[in-house]
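Can you make the complete structure from the sequences, with help from the hints?
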Amino acid sequence: MAFPFSAIVGQNEMMNALIIAAIEPKLSGVLIFGDRGTGKSTAVRALAALLPDMAAVTGCIYACDPGDSSSLCETCRANQLKGHLLTHRVAVPVVDLPLGATEDRVIGALNLERALADGTKVFEPGLLARAHRGFLYIDEVNLLEDHIVDVLLDVAASGENVVEREGMSLRHPARFVLIGSGNPEEGELRPQLLDRFGLCVEVRTPTDIPTRVEVVRRRDAYDRDPAAFCETWRPADMALRDKIVLAKAKLSAITVPDAILEQAAKICLALGTDGLRGELTLLRAARALAAYEQADAVKLEHLRAMTAPALRHRLRRDPLDDSLASTRVERAVAEVFAA
Amino acid sequence: MSPFDPDWAHGPEPSGSLYEDAVWVAALLAIDPVGLGGISIRSWSGPVRDLYLANLKKLYPAAAAFKKMPLHIGDDRMLGGLDLPATLAAGRPVLSKGLIAECDGGILLLAMAERLSAETAARVCAVMDTQIDAQQRPVAFAVIALDEGCDADEAIPAALQERLAFTLAATGLPGDVAWPSAEVIETARQSLPSVQAGDEPLGQICALCEMLGIGSMRAALFALRAARAAAALLGKPAIDNADINLACRLVLAPRATQMPTMPDDAQPEDQTAAEQQASPEQSEPHTEREEPLQDRVADAEKTVLPPALLAALAAGTGPKRLARGAGKSGDKVSLLRGRPRGTRRGDLRGGARLSVLDTLRAAAPWQALRQRDTTGRKLIIRSEDFRIKIYKEAAETVAIFVVDASGSAAVNRLAEAKGAVQLLLAQCYVRRNQVALLAFRGRAAECLLPPTSALARAKRALAALPGGGPTPLATGIQAGRQLAEAEKRKGRAPFLVMLTDGGANIGRDGKAGRAAAAEDALAAAKLCRAAQISAVVVDTSPRRQAFVARLADAMGARYAPLPYADPARLTRIVEQQGGWRASSAA
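Going line by line, the protein sequences match chains A and B. Sequential numbering from 1 applies to the first sequence in my numbering. Sequential numbering from 340 applies to the second sequence in my numbering.
Because the hints were derived from the structure by calculation, they are not lab data.
Label-pair distances were calculated between CB atoms; the ranges are:
| id | chain 1 | residue 1 | chain 2 | residue 2 | range |
| --- | --- | --- | --- | --- | --- |
| 1 | A | MET238 | B | LEU718 | 53 to 59 Å |
| 2 | B | ILE719 | A | ARG241 | 53 to 59 Å |
| 3 | A | ARG190 | B | GLY574 | 54 to 60 Å |
| 4 | A | ASP146 | B | ARG883 | 37 to 43 Å |
| 5 | A | ARG171 | B | ALA457 | 29 to 35 Å |
| 6 | A | GLU301 | B | PRO400 | 56 to 62 Å |
| 7 | A | GLU301 | B | THR510 | 54 to 60 Å |
Non-contacting residues of chain A with respect to chain B, defined by C-beta distances greater than 12 Å in every case (computed):
| id | residue |
| --- | --- |
| 8 | GLU13 |
| 9 | MET15 |
| 10 | ASN16 |
| 11 | MET54 |
| 12 | GLN80 |
| 13 | ARG89 |
| 14 | VAL90 |
| 15 | ARG196 |
| 16 | ALA249 |
| 17 | GLY275 |
| 18 | GLU301 |
| 19 | ALA305 |
| 20 | ALA334 |
Glycine is no exception: its CB is placed at the ideal position from the N, C-alpha and C atoms.
Listed below in structure tokens is the structure:
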């Protein structure tokens, strides 16, 4: 039983970013930078437990989405042409990608057992397949080996895992929300990987004593009796779940006024972010926030709230310059939005 | 009462004096093994440690597992999985239980934990966090990490250390002292859930964390759990101050990153020394004191170095290399990861991956023969047919900067040398190398930054580097070589970047004298060459020094004089390349 999401204390920016990423999977992920012991892993696992079950094709190893025929795997597509797909409900997966995972485990490999026992060529899905439609969580993402990063970059960009190894040639959908956490003091992240994360938040240990006491108190209560603790927080979690479900349904109906588009372009220009992905991400995040707050259109305050998480990791930066990107973003926000 | 009670720092409280600290640690862990995670014991093997572990084992039920995990353990054995040879022999899937799962209800001993790779540690930590093993079964265990490191840079992986409540040093291990009995522990274990903790102890613990500069919330939780276990052991219905003091002494003190800001210095000297050793990486920027910088880094524009010097060096084309040890230093063969490179015969230990096609190909010619002995099976594969895949893995490169910060160098061009290092650091960023920074002056060499890929830290360390004093060149070279060899042992490819003006005047024995110092430096350089460490020597003196060139030759290193650049002319060049300046000035 995971720690209830609503019971997490402080860390509002991280929690909001996770909620926004859950509402809008196209943001393709959240990067959480911060020290150890600030509740990063707890929040990710709690979020998955919070989300409602999703419909999936029965018997499909990739848990294909029956509502989206464009993303079906080959088997499901063939079955769909033949007739009706059976569905059932499954929990949103959260898959851990551990440091040092082999390519076989990540991409998937030939099922040895079947190959040797009865000589059939069967694909054994890897972590990418299991994370389809869910979350792929990488703790200490900045320590991830380069060859695994290569695999991730390609799959995260295309939403499809192409396997060409061990005499197998197949492709399957792999769309997931990438969640990475790490401590920037321990290593740099490749810019290409940084770019894959839609949002980036920085978490810090709360410094005021009452908040810290509350963190420890709640965690302790949870450890002593998880069932009772989760029961206490269930109403809050359910309310939040409903809000997320509503926001997801509303997302496509949210309009973006031209003035907002202009402001987004202005702030990206002022910060000198590379490419158009910054603007796109910023708008998507602002729209998701508007949906979450049940607004009909994106307002300036939504844009403003999402500027730092959407852009702070996209600034062109000197590797040796350790002045905080957040400060630069704040300054730019104040200048652009004041004008 | 004050949240910070100096009593805990002075000595044991009434309840704390019941047992030695190390015994307390073992007892508390036995009472709440999962909640407290475990102990890291920094001590070499010996009778004292063996006695301690033997006594610790007696606190657990006789049937509890107590398993040692060797460094070379493979994933299949650690986490469990398909036992391929047994599967083939039996003709049906045979699953093996992993070592971690076998430790359920007991202790996982990590031998030589300081050599544990971050990946292996990450796997152990993942199981500790979720308490669910790779087969999705619940598993509960505590970890004892035997840290046999001797240098400060040899330490157990930070992620693992963070999840262990206690740290013990060799000096803390007791001899023949009183231990609680297993019955007492069992009783305490039963009463643990009913021990109450009020808000006041919680507030005290959190305030202490804040004062000692402990950021992680895990520390506070560990302290609370330790206090609760201590209260349970003493049969108390609720946590009292003595338990808090004990818990803070055992859990928080070793994690402290700063001295508590107290009117009187309540903390003993030796404690801070231990703290600094325990947490070298925790010297965060915000805890750094604002010292006036004794020297300033020259603007990177002031120096010019041949571009891509590091690139050439790392690829092995730059420096003179000995004929031995052919092959690109950056690559090594791996059974686990990297780019595929073919197959070879071998068995499946240590996570090696079977190449199915090649195995079948190897087995094919023998089928007719084998079918005569055994009938009824389509395909007979024996373990000698196994072909495993091999991969080529790019080894991580570590650039070790050894900077001469002596008086002569400072007068000459320390600021520019620093600028040069900055330029090289930027190249390292592009190449994704790790960097380390050593400086030598006075009578010693100092490691300012252990190998890291966080270049901003390297820049800070460099900026804070003061200059002055005589030149212990031999000591500097020796320190560089030692660090390079340590990195080699970790499987990385090190190379040295040495910046000096060659004005050696302190010998290896610490005595002054130019001739002896120069001899010592050349001898130390020859050792570098013998150890086959790639190097480049940058001459920072105003004019080219023949001695520096000789030194480079003795090291088998490339010699690169730092050209004297006219700042005005350079500025013009830089202005023409405006973008570059903007980014470096940002």
